[in-house]
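Asker: Chain by chain, the residues:
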Amino acid sequence: MDFDFSDEQREIKSTAREFLAARFKPEKVRELAESDSPYDDSIWKEMSELGWPGIALPEDHGGQGLGVVELVILLEESGYALAPSPLISNAYAGAVIAAAGSDEQRARWLPGIASGGERGAAELTTQPAPIVGAAAGSAVLVLADGEGAKLVPTGEAELERLELIDSTRAYFKVSAGAGDPVPGEIAAAVDTGKVALAAESVGVAQRALDMAVSYAKEREQFGRPIGAYQAVSHRLADMLWDVEEARSLAYYAAWCADAQPESLPLAASMAKARASDAANAVTHDAIQTFGGIGFTWEHDVHFFLKRARVSAQLLGSPVQHRDRVADLVGLGT
Amino acid sequence: MDLTLTPEEQAFRDEVRGWIADNHPGPSPGGGDQAQFEFEREWQRKMHAAGWAGISWPKEYGGRGATLIEQSIFGEELARARAPRPANVLGLVMGGPVVIAHGTEEQKERFLEPILSAEEIWCQGFSEPESGSDLASLKTKAVPDDGGFRITGQKVWTTFAHEAKWCMLVARTDPEAPKHKGLTYFLMDMEQDEVEVRPLRQITGEAEFNELFIEGAYVPEENVVGAVGNGWMVAITTLMNERAGLGASAALGLANALDELIGLAQERGRAADPLIRDKVARLKIGIEGLRLGAMRSLSATMKVGTPGPEGSIAKLQWSSTNQALTELALEVGGLDALESDSLWAYRFLRSRANSIEGGTSDVLRNIVAERVLGLPKLR
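So the protein sequences, as listed, match chains A and B.
The first sequence runs 0 to 332 under numbering that gives the first Met the number 0.
The second sequence runs 0 to 378 under numbering that gives the first Met the number 0.
There may be inaccurate statements among the hints.
With the C-beta cut set under 8 angstroms, the calculated list includes, among others, these residues of chain B facing chain A [claimed, not checked]:
1) T3
2) E7
3) G228
4) A270
5) R276
6) R295
7) L372
8) P375
Non-contacting residues of chain B with respect to chain A, defined by C-beta distances greater than 10 angstroms in every case (computed) [what the hints assert, rightly or not]:
9) P143
10) E193
11) I284
12) L348
13) G357
Simulated from the structure, these hints should not be mistaken for laboratory data.
From a predicted model like this one, the values you see are computed outputs, not experimental measurements.
Cβ coordinates follow ideal geometry from the N, Cα and C atoms, glycine included.
One chain only, chain A, in its complex shape (with noise of 0.2 angstroms):
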């Protein structure tokens, strides 16, 4: 039993953590964040030259081949970073249609999502209608069809775009007809796309810890770090407990979706509600920490909370998921 990274995989972690951080100043976030488009294509250029959108893809089809422990490594790394990519939507895209897609889907759309250069996005909620990350730019657009899914290029569908608080992500309205339906189960790849959430949750959750301790280092009160109260330093304890669980939570259900499918619908509801509910309570008690700062436009805490408002929507909220879970723990109806 090793609940570790392995060295390769914490190679991934600290090439990501480099990268973005490099890339996703916050200053840069914020300018794409006010911007009309918030993806920048030179950094998906490079973040495709290192493997990325196809990291948990087969290597048949151009991916990486490896898992989706490695796919979740990347997420939470770019949630740290609160990248605005259409990473996740393309990742989910392409495990869909890995998963379910025919020969010819599977040969017509994975090498492009898999390089990065014919991107794929994928419904993330039908309420209150099918929405969709990232579909601009991208060419192929999966969405649910009854129990399954259905390929759409994008061309043929009309994309209204959805203006949510969070602006780090674009989001669109879709309709669009028949398609073009993918003939496998799809249950397991929208576990996965759960799971990708909420590792990507646990990183800006993360983030805002990060930013809400060093903060409490430095801010002085009464004439001391507001960090040293009791008050302020158990709130900031229980953010990490939060953080924590929710981490252990998240792997645990990559570890599934790649080694032990099984488990995968219970690991993927309980990891998607806990890291949701972590990332919503940690950036909200992160900006209590900063106070009145925290409240501005100006201080970066905002496009937190907003993010991890908006993925706590997507893929089920953490309600339902728990409604999944007592159902799977035998509470079923």
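Start from chain A and add chain B according to the hints.
Answerer: Below, chain B without anything else, positioned relative to chain A:
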């Protein structure tokens, strides 16, 4: 990352599981009386005869020399089988490891074997009425006398004091030294007139703990552990032993209780109640979070010798989850669960101490804030 057991770990688990299945003495009679204690003593003798009693102890001292993961597997299997606890739990978890780490050869020779066999029961004399979380402020004093020391003071929350032969006792040998420096760690013989044990009745109605009134009890010099004045450092080792490696078996204990609670919810027709369902799911997530955090912590400790930040929150997770679980059982069980002989009522009341015993949640948050997050100390 691989959460499955290696073939060796699996073989170990199968061996443990098989042994427990063949030797399980049945459920403990309960009641917290002498009969229950003798039952647990007999169970420990059985464990010792098969070499399981000192699972974490090095082989040269009669233990099994098990790795952290094996210790964790062993604890999980005991919890899974709902096996009783061994009678001499404080000797096994704290006393023995302290003697092994800091004791002389003579002390190892004298004390270790009777701990394993449950022939000599151990208790712990740390807390005092005025020194709880601030242990280093303790006032019990030890004055040199006749090749040893005379101890005078009061100790509280001493589990098993009425059964114990030896007390791990920390007392002040140098009242002039700074508070952490003037302490010494003693092994005090409980069988002397100068030590009076009074049961301490707790909110469950039983007396799991005791108070010790010590009026000039004698401890020979050879029963000092570590050196005179070194008691704080020695005591810290025992406290760390108390906290290490509890997560996985604690999570299994909670998982067993959650299964019972789910059964109760079905029996009472509450399985479809959305508020109950949400709370059950939160408990499941909390229990899995504890279990998985313990596994991460074990893996990190095996590799680098120290647990990661996830290890520092395990006790907080456990106490809050157990309290929430028993509270939900009262909601689901209604007045039946509140009858004074109800097991849920007992568990609810007993779990109130979970956030106090073995490090209060308030102090644990201080520790997380200062040692993990690096926040400044208020003091």
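Asker: Let me know if the C-beta of E7(B) comes in closer than 8 angstroms to any C-beta of chain A, holds or violated.
Answerer: violated, 10 angstroms
Asker: Go through the hint on A270(B) and say holds or violated, using the shortest Cβ distance to chain A against 8 angstroms.
Answerer: Since chain A brings a Cβ to about 5 angstroms from A270(B), closer than 8 angstroms, the hint holds.
Asker: If you take the shortest Cβ to Cβ gap from L372(B) to chain A, is it below 8 angstroms?
Answerer: Result: holds, 5 angstroms to nearest chain A Cβ.
Asker: Would the stated hint for G228(B) survive a check requiring a Cβ distance to chain A of less than 8 angstroms?
Answerer: Violated: closest Cβ of chain A sits about 31 angstroms from G228(B), beyond 8 angstroms.
Asker: With a cut-off of 8 angstroms, does the beta carbon of R276(B) approach a beta carbon of chain A closely enough for the hint to hold?
Answerer: Holds: closest Cβ of chain A sits about 4 angstroms from R276(B), inside 8 angstroms.
Asker: Over 10 angstroms from every CB of chain A: does I284(B) meet that, or does the non-interface label fail?
Answerer: Violated: least Cβ distance 5 angstroms, not greater than 10 angstroms.
Asker: A cut-off of 10 angstroms on Cβ-Cβ distance, and G357(B) was said to be off the interface with chain A. Does that hold?
Answerer: holds, 17 angstroms
Asker: Given R295(B) as an interface hint, is the shortest Cβ-Cβ distance to chain A below 8 angstroms?
Answerer: Holds: closest Cβ of chain A sits about 5 angstroms from R295(B), inside 8 angstroms.
Asker: For E193(B), which was marked as not at the interface, is the minimum beta-carbon distance to chain A over 10 angstroms?
Answerer: At about 40 angstroms from chain A, E193(B) clears the 10 angstroms cut-off, so the statement holds.
Asker: Is L348(B) truly not at the interface, in the sense that its beta carbon sits beyond 10 angstroms from all beta carbons of chain A?
Answerer: Its Cβ never comes within 10 angstroms of chain A, the nearest being 25 angstroms, so this holds.
Asker: Is the nearest CB of chain A more than 10 angstroms from the CB of P143(B)?
Answerer: At about 40 angstroms from chain A, P143(B) clears the 10 angstroms cut-off, so the statement holds.
Asker: P375(B) was flagged as interface toward chain A. Is the shortest Cβ-Cβ separation under 8 angstroms?
Answerer: holds, 4 angstroms
Violated hints, in rising order: 2, 3 and 11; the structure is consistent with all others.
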